[in-house]
Amino acid sequence: MKIVFLAQAVKELEEGFVFYNDQLKELGNQFYTEVFDSINIIQKYPTTWCRVGKNTRKCILRRFSYLILYILEEDKIIITAIAHQHRKPLNYKSL
Numbered sequence: 044m045k046i047v048f049l050a051q052a053v054k055e056l057e058e059g060f061v062f063y064n065d066q067l068k069e070l071g072n073q074f075y076t077e078v079f080d081s082i083n084i085i086q087k088y089p090t091t092w093c094r095v096g097k098n099t100r101k102c103i104l105r106r107f108s109y110l111i112l113y114i115l116e117e118d119k120i121i122i123t124a125i126a127h128q129h130r131k132p133l134n135y136k137s138l
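Just so we're aligned, residue 44 is where the sequence shown starts under our numbering, counting upward by one.
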């Protein structure tokens, strides 16, 4: 399945990378690795994670306080958000 990132998700990924790299050198790279490892698993098993809306599912990262929100379509997975679990939760209520 093809993976498509919404612009907002890319922005959140970049913000998370910068935040973690500011905390500790190389932590941003570890964050990227965990996000993309999780996306690879989503790609293999897209229906594994629970629904949080009509069409949206969430995958919670193990090490970082982030989750990946995505929509599963016939031939693609749309990453709608890479969201910190404790910041701006109302932004994702409508998904």
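If you are wondering where the hints come from, they were derived from the structure by calculation, not from laboratory data. Accuracy of the hints is not assured; some may be wrong.
The list that follows gives simulated cross-link-like pairs (lysine-lysine, BS3-like), each with its CA atoms no further than 27 Å apart [as the list claims (entries may be wrong)]: (1) K68 to K119; (2) K97 to K87; (3) K97 to K45; (4) K97 to K54; (5) K54 to K119; (6) K97 to K68; (7) K87 to K54; (8) K87 to K101; (9) K68 to K54.
Each hint, compared with the structure:
no. : hint        : verdict
1   : K68 to K119 : 34 Å, violated
2   : K97 to K87  : 21 Å, holds
3   : K97 to K45  : 21 Å, holds
4   : K97 to K54  : 24 Å, holds
5   : K54 to K119 : 20 Å, holds
6   : K97 to K68  : 39 Å, violated
7   : K87 to K54  : 24 Å, holds
8   : K87 to K101 : 15 Å, holds
9   : K68 to K54  : 20 Å, holds
Comparing the model with each earlier hint shows violations of hints 1, 6; every other hint is respected.
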